[in-house]
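Produce the complete structure using the sequences and hints provided.
Protein chains: 2
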Amino acid sequence: MTVNTPAVRGPAPPPGITPRERLLQAAVEAFAEKGFTATTTRDIANRAGMSPAAVYVHHDTKESLLFTVSVEGHQAALAVIRTAAALPSAAQGPAPLPGEGDHVARLRQMVREFSTWHAVNSRVGRIVQYEFDALTPDHRAEIADYRRQIERVMRDVLSVGIADGAFDVADVPGTARAILSLSIDLVRWFSPRGSTSADDIAQLHAELAVRMTTPR
Amino acid sequence: MTVNTPAVRGPAPPPGITPRERLLQAAVEAFAEKGFTATTTRDIANRAGMSPAAVYVHHDTKESLLFTVSVEGHQAALAVIRTAAALPSAAQGPAPLPGEGDHVARLRQMVREFSTWHAVNSRVGRIVQYEFDALTPDHRAEIADYRRQIERVMRDVLSVGIADGAFDVADVPGTARAILSLSIDLVRWFSPRGSTSADDIAQLHAELAVRMTTPR
Chain A
1 MTVNTPAVRG PAPPPGITPR ERLLQAAVEA FAEKGFTATT TRDIANRAGM SPAAVYVHHD
61 TKESLLFTVS VEGHQAALAV IRTAAALPSA AQGPAPLPGE GDHVARLRQM VREFSTWHAV
121 NSRVGRIVQY EFDALTPDHR AEIADYRRQI ERVMRDVLSV GIADGAFDVA DVPGTARAIL
181 SLSIDLVRWF SPRGSTSADD IAQLHAELAV RMTTPR
Chain B
1 MTVNTPAVRG PAPPPGITPR ERLLQAAVEA FAEKGFTATT TRDIANRAGM SPAAVYVHHD
61 TKESLLFTVS VEGHQAALAV IRTAAALPSA AQGPAPLPGE GDHVARLRQM VREFSTWHAV
121 NSRVGRIVQY EFDALTPDHR AEIADYRRQI ERVMRDVLSV GIADGAFDVA DVPGTARAIL
181 SLSIDLVRWF SPRGSTSADD IAQLHAELAV RMTTPR
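Protein chains in written order, with this note's numbering: chain A, 1 to 216; chain B, 1 to 216.
Treat the hints with care, as some may be off.
Because identical chains share one entry, a pair is satisfied inside a single copy or across any pair of copies.
DMTMM-like mimics (lysine to aspartate or glutamate), calculated; alpha carbons at most 20 Å apart, straight line [unchecked claim]:
(1) LYS34 x ASP138
(2) LYS62 x ASP43
(3) LYS62 x GLU72
(4) LYS62 x GLU29
(5) LYS62 x GLU21
(6) LYS34 x ASP133
(7) LYS62 x ASP138
(8) LYS62 x GLU142
Honestly, the hints are just simulated from the structure, not real lab data.
This is the structure:
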């Protein structure tokens with residue numbers, strides 16, 4: 001994983017995190033457990049070991065906390081897929097590879113990393129998806145823009161690969177969205193206590209994305 | 001569409017629906033607009049043009065209304081995919097077709113119908129997914145069983161097709177889930193006012209599912 005924001009990543013708060021990070025972690029825990037509507041600022045303050053007044057120093061509303069969780073989640077997911085798109089394979093280093101293998105390796109890496117991120121961060125992913133309507137219209141528009149940026153990375157990689165003959169895709173926006181759906185739908189059903197590992201699912205999704213896009 | 005439950009289908013209540021159906025439609029509207037937690041039984045009663053006391057005749061709790069919406073939604077989705085699995089192509093009638101085309105046509109039909117259902121019922125789909133944790137543990141278990149039945153239909157169709165040489169799929173449960181994810185993730189982003197029609201998306205998903213499963 002390239003992006004490691006404590007509020008978005010781990011179950012246990014590491015020692016020495018900042019009050020801001022502690023607050024975001026507490027918000028994620030409270031929203032995940034009780035839902036956004038039933039959570040009070042006091043709940044979050046208690047979980048973070050802070051006074052409600054101290055919470056207001058960082059966030060003047062509960063919605064502002066949800067928005068920050070959403071922004072950080074989307075920024076992290078966008079960074080993961082952008083990094084993977086720039087590096088066809090971590091083992092092969094930063095230099096772009098020539099030939100068709102390049103496009104396929106890049107797509108595989110993008111889907112693998114994007115699915116892994118959604119499996120590892122399924123709790124944050126659920127909050128961000130399920131409570132989207134609780135954001136203000138301006139904040140919803142900002143989050144929608146992150147989503148469009150993520151789709152654009154996938155569309156661009158498909159388009160470049162089509163031009164090189166590596167992919168055979170008639171509907172680029174629709175196929176880009178469908179590939180991303182495999183990863184995003186993980187937040188609905190993936191459990192770290194389930195029988196299938198995040199790595200195995202990410203590997204499967206990468207193979208299915210290659211099947212969806214390469215010439216028959 | 002094979003299943004036509006008013007509370008799960010249409011935006012406008014047709015004249016002459018039963019009080020039970022009117023109540024479920026009102027619950028769907030209220031949950032979609034305000035979320036489950038912020039909705040009161042009185043909200044639902046008002047929308048249905050009933051007294052709160054009349055609501056209690058049908059449902060003793062708000063959770064019971066959510067559960068009924070969830071059960072009907074899952075039953076409808078299960079019926080859609082089961083019907084499509086039994087009939088490889090609506091145009092070809094109920095008799096099963098011989099040969100490999102049978103399996104591919106059946107899969108295509110299943111995915112097309114399942115995606116269409118999720119696009120048309122995206123509002124109910126969002127409620128059912130996003131408010132799943134608001135159900136009682138017993139009710140969550142019942143809904144999880146419907147989800148397993150839907151996955152089983154897809155797994156069975158893939159397995160029979162593999163045995164006949166029509167499909168080449170190494171991970172049947174994982175691939176079945178991935179195919180279903182294309183349809184299910186529609187409830188997150190599909191809008192009837194968007195630029196892409198439900199038919200076009202359903203057709204694309206069917207083609208992608210065939211690519212994911214047929215031999216290279």
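Index of numbered hints that the structure contradicts, given in increasing order: none
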